[in-house]
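**Student:** The hints should help you fit chains B, C and D onto chain A, whose structure is shown.
One line per chain: the protein sequences are A, B, C and D, in this order.
Here the first sequence is numbered in the numbering used here, starting from 1 and rising by one per residue.
Here the second sequence is numbered in the numbering used here, starting from 276 and rising by one per residue.
Here the third sequence is numbered in the numbering used here, starting from 551 and rising by one per residue.
Here the fourth sequence is numbered in the numbering used here, starting from 826 and rising by one per residue.
To be clear, the hints were calculated from the coordinates, so they are not data collected in a lab.
There are no misleading hints in this set.
Covered stretches of chain C (chain D as the covering partner; in silico rule of three or more C-beta atoms under 8 Å from a C-beta of chain D): (1) 614 to 624; (2) 630 to 637; (3) 696 to 705; (4) 746 to 755; (5) 781 to 792.
Under the rule of at most 30 Å between Cα atoms (straight-line distance), these lysine-lysine pairs were calculated in the DSS-like manner: (6) B:K427 - C:K702; (7) A:K270 - D:K1099; (8) D:K1076 - D:K977.
All C-beta atoms in this analysis are idealised placements derived from N, C-alpha and C, irrespective of residue type, glycine included.
Here is what each chain is made of, one letter per residue.
4 protein chains.
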Amino acid sequence: MISKLQHRRSGRTIWFAMSVAATLCCASVVVAQTSPISTGPVDPQLIEDLVAANRILADQGVLDGWGHVSVRHPRDPNRYLLSRSRAPELIDAEDIMEFDLDSNPVDAKGRSLYTERFIHGEICKARPDVIAIVHTHAPALIPFGISKVPLKPVYLRSAFIAAGIPVFEIRERAGMTDMLIRDHTLGRALADALASHPAALMRGHGAVIVGPSLQRVVGRSIFLPLNATLQMQAAALGGPITYLDPEEARKIEEREGYGLGRAWEAWKRKAMAKH
Amino acid sequence: MISKLQHRRSGRTIWFAMSVAATLCCASVVVAQTSPISTGPVDPQLIEDLVAANRILADQGVLDGWGHVSVRHPRDPNRYLLSRSRAPELIDAEDIMEFDLDSNPVDAKGRSLYTERFIHGEICKARPDVIAIVHTHAPALIPFGISKVPLKPVYLRSAFIAAGIPVFEIRERAGMTDMLIRDHTLGRALADALASHPAALMRGHGAVIVGPSLQRVVGRSIFLPLNATLQMQAAALGGPITYLDPEEARKIEEREGYGLGRAWEAWKRKAMAKH
Amino acid sequence: MISKLQHRRSGRTIWFAMSVAATLCCASVVVAQTSPISTGPVDPQLIEDLVAANRILADQGVLDGWGHVSVRHPRDPNRYLLSRSRAPELIDAEDIMEFDLDSNPVDAKGRSLYTERFIHGEICKARPDVIAIVHTHAPALIPFGISKVPLKPVYLRSAFIAAGIPVFEIRERAGMTDMLIRDHTLGRALADALASHPAALMRGHGAVIVGPSLQRVVGRSIFLPLNATLQMQAAALGGPITYLDPEEARKIEEREGYGLGRAWEAWKRKAMAKH
Amino acid sequence: MISKLQHRRSGRTIWFAMSVAATLCCASVVVAQTSPISTGPVDPQLIEDLVAANRILADQGVLDGWGHVSVRHPRDPNRYLLSRSRAPELIDAEDIMEFDLDSNPVDAKGRSLYTERFIHGEICKARPDVIAIVHTHAPALIPFGISKVPLKPVYLRSAFIAAGIPVFEIRERAGMTDMLIRDHTLGRALADALASHPAALMRGHGAVIVGPSLQRVVGRSIFLPLNATLQMQAAALGGPITYLDPEEARKIEEREGYGLGRAWEAWKRKAMAKH
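Chain A extracted, bound-state conformation (with noise of 0.2 Å):
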């Protein structure tokens, strides 16, 4: 629990110094942060991955009507991108929009926003070696998050499982509440469960699951689910079960974009064809 704590504060430093010059040319942010100056275009293959990560995750089973996508801003550490309230598979770029990390968007044009966008902000706040989010409602995952057997990584591609998924239990933070994410201080408080982990179970609703790129949250948005069902499965049909070795997982983690873009670009021509 040091350790995990150590981490984060070193972690926050590393931000701290990363998000200065951001931080110097934004300071007007702060006065008026309900409406934050653009941080100015995006590389558009950075909003068509985006929107292919979004259809991807839908098309796979993973995202419902309302599971959500979010890539930190590549200009600014400050900033991240975030569609507008709609469901997954629909969305397009023109419905990405810009966020500070207290989830103000920078222009929202009337455009409804997604009610737990705090997830985003409050995450990329608490871990500046995230890089994207993904916030989802996988049916696997729920059994795990209600009951209190421990999700373990018992396949290769879900080696990160191994670094712990911890659970959010939120009537532990905020008592009997809606569940969702509505603000800041909720979802700080699911940042602070999360920790320095991949993911977390959010008990009776979802997961949080971050990584250092889109490609890599895509994937384990993937596979997290697939390793639930998978684990599922061995419990029932009874006996000791091997799991992936820490070290296994290690070296697997050390490679695991290896490859992801082969898998990627069948995901995505299968998802984007869709419409």
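**Tutor:** Same frame as chain A, but now just chains B, C and D:
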């Protein structure tokens, strides 16, 4: 039990009050009950929504060829709208018919009718708060109807289950039958079992699900079977399950409609693109 | 057992009576059994229904590349119609061939035949009440064929299971084989196991399902595996299961065909749109 | 164990005999092993079948973005054909490359290669009877690879399982790794575990499946995971399971190829229609 009866009685009081105007202008209906007079054309948007509700639930695997969806007439609480006897995925606007609460069609034009339309008429009579009704044979619900394990809410989107989902055992009311709701008496028996609940399982048959709008009843019809599947999986994992707390469920229900339009847009686009 | 035998004997009596005319005009068949004379063209609507039955069951996941569907010839109970050796989802009207009850093709035109066509011929001989026959490898049926747990009716649409679904153990009749129904002897052994039942599981192989019409046998072929899945899920939930009462099943069966046309329309539209 | 080693030794003897001609005319390959000379163009029908095998197995859910299929060169047993590094569902004829048995490409043309191509080269060396090889991550196989429950044949089409499906535990051969078959040594270790069997599970990773033709290995790759699912379901039902008898399995295997063409036609039509 007493409180339920009281609730239903007060419900009926409200309903009598609500339907005074309609009853006055529909007096002739009582005389010629088998051929009631039409209340007049309905907003085409409502018809489109009813068609979409049928096709969405077929596309989502909730309705097979024999399920149906009704909506109460917007200008006359003594009438409801329901398709002629047709598989939900094939229904078009021209298939929608008007029925009185004794489930007589206003203008059958020789079209065949759902045998079990009495489900809709009798629940409309007993539950003035109900605007839309789904009758489903969703497979995931059958195991709960035939076992003694009660459905309980494990997932945010199915918080309405906290109000209790009774099981309708037709044998207790009518002995050995072919299990279809073929007349007013069986329809009333089902409405009695439903009481003030959002849904009732029908043993060995399926369920009836009700709601205050088409969008709400479609959402409930998708998340009731999903909750059933998740609860079965969590039970198989073993150990204690954390269900939604009644207070959490109440807070979620207050806002259940919030954001449903976002999923509805995606569900509808997908379902309507099929034909 | 005695009543079953009596039933089958009386069935055979009926069949002998029914087929007198046909037998008289087909006397030459006995002489040149390997090349029987055609009974003449069949109503194209029946051929279309047989093609649709094949494609529907493929589309519904009931038939893989090796399943088949037959229908008795409408004018000659000593003949049946069956496709040449082809995967069900690819069958067209021109693939349908006429066979005598010894499973000799009327006019093979060099086309290859299903190895297991003897299933159809021998059941047609033994069961004059049967009009249509499906041979399936539906996955959900396999676990019941290889375990000691009997299939029992848990769902309205599978009430026919109440008549009992025997398991055909080919070892008891023929020792160690390649498990295919390759000849008359094996076909007769299967027909014996089926006796007067609506279906028989074939251990480690699949099932044969029969009915009084194509629509009925298609319905039964969809709901037999569905019942198997639901029964497995209910068993996993634990505790006592409420099966259909024999009296309920009898009343449902009296009307089993009722409303099948509604689902057939949707199944057919979906399946035929694929090619 | 002794008989297996003997079998493999005699297998190698056959292979050395078979490949004498090829080895003689390919002597230069030994010198410049990283750039072997092409054996010349291959029958376009074989290339088409290899492309179809990739797409069929992707369409059937057996191959994800990282699986692969190879076939031995028809004129040179020292060569095999395999796609460049690409997701199976996207593979076209131009993606197919020729490799020597050390898994060096004949003419890479700058194309990237599958990291785990050594699976194919080393099994081709060790198993002269093998013509086609599949490497899969089919989800249903993972639970058996990580538990102690052995896969056993429960279904006619998976009779080849009776020959035994060993589990390859990479830790026993190489300690803690990233679990990929990255070189000749690991490829040989996997081939050793496979020995003379038709398939080997790879713990926490997937499986390798081999066969005497592309059609056979595709069939085995579809029915191995299906058998896994059926066995899990039968185990969950409880009680004793009737597996295929070794004699039944032997008789089925003698004819395993029988009728595969019928399913292949349907599988291929469906898979190729996707792009």
